[in-house]
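Colleague: Produce the entire structure from the sequences given, and follow the hints as far as they go.
Under the working numbering, residues 42 to 574 are what the sequence shown spells out, in order.
Take every hint as true, because none was put in to throw you off.
Heads up, simulated DSSO-like pairs for lysine-lysine below, C-alpha to C-alpha not over 27 Å straight-line:
hint : residue 1 : residue 2
1    : K260      : K176
2    : K234      : K176
3    : K85       : K223
Hints in this document: simulated from the structure, not taken from any laboratory.
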Amino acid sequence: MSTSVKLNNLRLELDDPEESLPARAAGRLGLGADAVLRWRILRKSLDARRVDDLHFNYAMELELPADAAERALSAGLRDVQPYRDEGFAWPDPGSSPLERRPVVIGAGPAGLIAGYMLALHGYRPLVLERGRAVKDRVADVRAFDAGGPVDAESNYLFGEGGAGTFSDGKLTCRGGGPDVRKVLEILADCHAKPSVVYEHRPHLGSNRLPLVVRTLRKKMEALGGEVRFSCRVEDVDMADGRLRGLATSSGYIPADVAILAMGHSARDTYDMLLRRGIPIQAKPFQFGVRIEQPQGQIDMAQYGPRQGHPALGAADYTLNVRAGACDLFTFCMCAGGYVMPSVSEPGYWCSNGMSESRHDSPFANSGLVVTVDPTLTSSHPLAGVHFQQHYERAAYVAGGRSYAAPIQWARDFLAGRPSRGKLPSSYTRGTVKPMDLGRILPEQVAEALLKGLPIMDRRMGRLFLRDATITGPESRGSSPVRIPRDHVGLQSPAVAGLYPCGEGAGYAGGIVSAAVDGLRVARALVAAFAPPA
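Modeller: See the structure below:
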């Protein structure tokens, strides 16, 4: 007989190998090393609160002989407790069989995971993706970075894998539980690192994500799913409050149910849904700039004399300060990364960040944003989209209508003077345009930066703004709309059979949270319907 216990806060020094964990855990419990029958890491995080005491903390599951587990649990150790595995729950199929296979609109994280889970349970989903397969999409993005025109259907935001494919590959998620773990396990099984399941801040890198995305899609296809690329949904056919089908760029598709997982930048789809009378609500979203510093300065600020240690890699940071009437906070920090153009349509420009698995760029960058509420200035459901477009258009024009990145030294921004000359940048398209960013940013954002940047600099030992530049605007960090759905069946209250889902519908904010929402919507669909015959 054996019993599993959970051990928290097990310390490991930077130079210690993880193979020593079971022996250390046994010693912590007052047991011999041979008492550990099986072990696994549940959580790993770096404790960097003091640069003179950097170390890793682990939470572990330990399978022990029943008598050893009883002794460990009765010893009164604060960090030892019974281990209870929260099982992943999936419903039995509903009693009403679908006449047609379910349709999934969008092959981003939400759509791919929803499609995979439906295929796994015999529903043979049809996934419609307006962009191209990830291999072709990579070539299209490289062509744009080399100076080519924007491809409105295959770019940094549209195509297999969604916007997350070219935005660093961070798999952090504020939530937890069995649904999050299931998503991470699926990704790990698709050639992601096994450690993404337990790392505190798991990261794949934009160079690894295409393989993960392609593998997930092939697994879905092997289970009976189908993906149609370059197939844009252009209209929704409804009758008596129920979905009947979808008009697409490839023809009409009859459909009883459809998961609407189109991503946060499908502005033409938002327009279409609004014309069709499907409720859409403007909601607060993040807006700001992207700040960039030499990575070595961030390493020094975070790791002190231990910087460069192979167990540490490139340092990241998370900052949140009160800046006047609002919070200014970092978002999507990319250690050893690149600034890239988050562009999905001609004539607009905004920034984002990415990094590869090696974190080997000499630059660190991060979004630096405030929360904007578009309903304070307009009652239009797409007020946030219009807000984004206004400032993205201004940035495009200010950059010379060439997708150059508007850029400024942080010190010049604080001093109220435009930057001139050659400024360093990792911008993937290459060309930057020095200027006064205050001319193309909302007043709320500019004021927050003026008040908040000096506070952040002090918190980082005066290394945050030294040699820092800012580019902007950064406007695609979250969806500016929410498409309402009921709280139980997760369907639109206006159209039976339509399931708003993921970041584009306003229910997620990153790769994992979007994927989890896709999983939960697929679960709701399965609970309501049996597979088609």
